[in-house]
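Take a look at the letters that make up each chain.
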Amino acid sequence: MPNLKDLKNRIASVKSTRKITKAMQMVAAAKLRRAQDAAEMARPYTERFNAVMGALAASVGDSDSAPKLLSGTGKDDVHLLVVMTAERGLCGGFNANIAKLAKQKALELKAKGKTVKILTVGKKGREAMKRDFGNLSVGHIDMSDVKRVGYVDAQGIAKEILGRFDAGEFDVATIFYAKFVNVVSQVPTAQQVIPASFDAPAESTAEASTLYDYEPDEEAILADLLPRGVATQIFAALLENGASEQGARMSAMDNATRNAGEMIDKLTIEYNRSRQAVITNELIEIISGAEAL
Amino acid sequence: MAETMQFDLVSPERSLMSAQVKSVQIPGADGDMTAMPNHAPLITTLRPGVLRVETDKGIEEFVVTGGFAELGEGLSVLAERAVPKADVDQAAYEAMVDEAHAAYKQTKETFKNEPGPVDDAAKLLADMVAVGTHIGLSTKQPSL
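Protein chains in written order, with the working numbering: chain A, 1 to 293; chain B, 1001 to 1144.
Chain B extracted, bound-state conformation:
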């Protein structure tokens, strides 16, 4: 049997998954990474993306909108919002994109002369849009 580690996925509202897993693919802010048992301790922030969890029983996928992951003895992912991939349909996805778009617009208005926060919000929006292709929904391209 392959080596496993404890994995917890929690959102502020509830705990979504707690199980022994073989590996987890995390959408890190600086790029995707795969966490396997005995990984070096690490803390990373998440970008919107798909979390792929590999267990003995198969693969489970969640769509996360942001948060962070703590990799120590086991892996805990603290997602701002996490939804099982199967539950995300076109409407839910579009709502998420709209939300990111609204946030982007607002940031653009508040920080007219500072590119930093605006770029961050734009990246968040682009990531959110990209999630659509990952989960096989038709992408919604907001007008910038």
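In isolation and in its complexed conformation, chain A is listed as follows:
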């Protein structure tokens, strides 16, 4: 039988754990709201951007002069996987799920005989990818100094990717992040950013492409906008990721808090039982002592 003092200490320690997880849950909830707001604010820009790009891409089409960012390099031998994860753990399966999807994709591509390069954003992703594909890593972008994700951060990442693309280091780039569905569900997603694909509705593009005047000409605009498109997509992904991370952390901490509560209940019962047993024992000793006289 565990002694009373040990049990008491144990209960106290689980109680303080519960306090911490509860606080973390509340912080995550507040941050989640902010992250969701940020994602909401960015939506009009992304939507319009994609609509315009869709129209432009449709009108320039597959002509030979189309920029490489749109038409691709004509090969698909070298793939760059950009794995975007959080800087911190304690958020359930969030980081692991993204890394898992990226690993699957990497194995798939390798099986097809393609070359895979990996660029990680966020510390947790680097750790996860290093274990299996450490030799494929071509770089890492640290986000630990970033308190609030801004467009500038996305531009930084985009610049890094575009620089490598211009240097001919890869043909296809795919970003990995978790799409925020709701607090309990975040879906790891792979999205191809280079060559660019814009999923504008087909009918509206056909209509739009006949309507607009372009100043300067279409190709100049496209050349100007495509790099921005990459940044925009990355920015949207970063925001989704931010919301997903907080959502995942919130539900993970909610679970932890509940588990701690259950544990406290169990330990309290055990504590009371042993206390009673001790009292009973003492009584028996006293009574049998009195009877012996």
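In short, the hints are calculated from the structure, not lab data. One should not assume that every hint holds.
In silico PhoX-like links for lysine-lysine, alpha-carbon gap of 20 angstroms or less [unchecked claim]:
no. : chain 1 : residue 1 : chain 2 : residue 2
1   : B       : K1105     : A       : K159
2   : A       : K123      : A       : K100
3   : A       : K159      : B       : K1108
4   : B       : K1105     : B       : K1123
5   : A       : K103      : A       : K123
6   : A       : K100      : A       : K117
Have a look at the derived ranges for each label pair, beta carbon to beta carbon [what the hints assert, rightly or not]:
no. : chain 1 : residue 1 : chain 2 : residue 2 : range
7   : B       : A1126     : A       : K22       : 55 to 65 angstroms
8   : B       : R1014     : A       : V181      : 22 to 32 angstroms
9   : B       : G1058     : A       : A167      : 41 to 51 angstroms
10  : A       : I20       : B       : A1126     : 50 to 60 angstroms
11  : B       : Q1106     : A       : K110      : 32 to 42 angstroms
12  : B       : P1117     : A       : Q191      : 19 to 29 angstroms
13  : B       : A1086     : A       : A12       : 55 to 65 angstroms
14  : A       : K22       : B       : A1040     : 58 to 68 angstroms
15  : B       : A1126     : A       : V152      : 15 to 25 angstroms
Covered stretches of chain B (chain A as the covering partner; in silico rule of three or more C-beta atoms under 8 angstroms from a C-beta of chain A) [unchecked claim]:
no. : region
16  : 1007-1013
17  : 1019-1031
18  : 1037-1047
19  : 1064-1077
Bear in mind that the values here come from a model prediction, so they are computed numbers and not experimental data. Where a beta carbon is used, it is the ideal one built from N, C-alpha and C, also for glycine.
Following the hints, position chain B against chain A.
Coordinates of chain B only, in the frame set by chain A:
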């Protein structure tokens, strides 16, 4: 009442303005233009400059660093970065110029033998410097 059109100014981080306006002066890449209701549909890229929005209530001005404008039923300006003119002080302006300067320097190093991108970056920098005169701040002339 004068004819109006829907105008939206959005940056990647937030939407800055959404209102009915009489006219908007846009710093287009090929020159300034004024968009008024029933303008022909047009897409243009922006250079760094001042966006002048005329509404019933008066005139609002924003400093934009680049992006593009889509003129259709209404006008949407998608700016890379847009700041109300009143919020741009000397320090903020100088930071923007410095940024453009750094970008120019970097481009110059990466593309040593190609004049194209370097000229583009130089123009961007010159435009950014010119913004200073437009908004009445003392211009900062970076050494090239």
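Here is what the structure says about each hint:
Distance restraint check for B/K1105 and A/K159: the Cα-Cα separation of roughly 15 angstroms lies within the 20 angstroms cut-off, and the hinted pair is therefore satisfied. At roughly 15 angstroms between alpha-carbon atoms, A/K123 and A/K100 fall within 20 angstroms of each other, so this suggested pair holds. This hinted pair checks out: A/K159 and B/K1108 have alpha carbons roughly 16 angstroms apart, not beyond 20 angstroms. A distance of roughly 13 angstroms separates the Cα atoms of B/K1105 and B/K1123; the hinted pair therefore holds under the 20 angstroms criterion.
Restraint check for A/K103 and A/K123: the C-alpha separation of about 16 angstroms stays at or below 20 angstroms, so the hint holds. For the proposed pair A/K100 and A/K117, the alpha carbon gap of about 16 angstroms is at most 20 angstroms, so the pair holds. Distance hint check for B/A1126 and A/K22: the Cβ-Cβ separation is about 56 angstroms, which falls inside the suggested range of 55 to 65 angstroms. About 23 angstroms separates the C-beta atoms of B/R1014 and A/V181, a value consistent with the hinted range of 22 to 32 angstroms.
Checked against the hint of 41 to 51 angstroms, the C-beta distance between B/G1058 and A/A167 comes to roughly 50 angstroms, which is consistent with it. Between A/I20 and B/A1126 the CB atoms are about 55 angstroms apart, so this pair conforms to the stated range of 50 to 60 angstroms. At about 34 angstroms, the beta-carbon gap between B/Q1106 and A/K110 stays in the expected band of 32 to 42 angstroms. At about 28 angstroms, the CB distance of B/P1117 to A/Q191 agrees with the hint of 19 to 29 angstroms.
Between B/A1086 and A/A12 the beta carbon distance is about 56 angstroms. The supplied range of 55 to 65 angstroms therefore holds. A hinted range of 58 to 68 angstroms holds for the C-beta pair A/K22 and B/A1040, which are about 60 angstroms apart. Judged by the Cβ atoms, the range 15 to 25 angstroms given for B/A1126 and A/V152 holds: they are separated by roughly 22 angstroms. Counting residues of the region 1007-1013 of chain B whose CB falls under 8 angstroms from any CB of chain A gives 5; the rule of at least 3 is met.
Here's how the region 1019-1031 of chain B fares: 3 of its residues keep a CB closer than 8 angstroms to some CB of chain A, so the rule of at least three is met and the hint holds. A stretch counts as covered by a chain when three or more of its residues have a beta carbon under 8 angstroms from one of that chain; for the region 1037-1047 of chain B and chain A the count is 6, and the coverage holds. Counting residues of the region 1064-1077 of chain B whose CB falls under 8 angstroms from any CB of chain A gives 5; the rule of at least 3 is met.
Consistency with the previously given hints is maintained throughout, with no hint failing.
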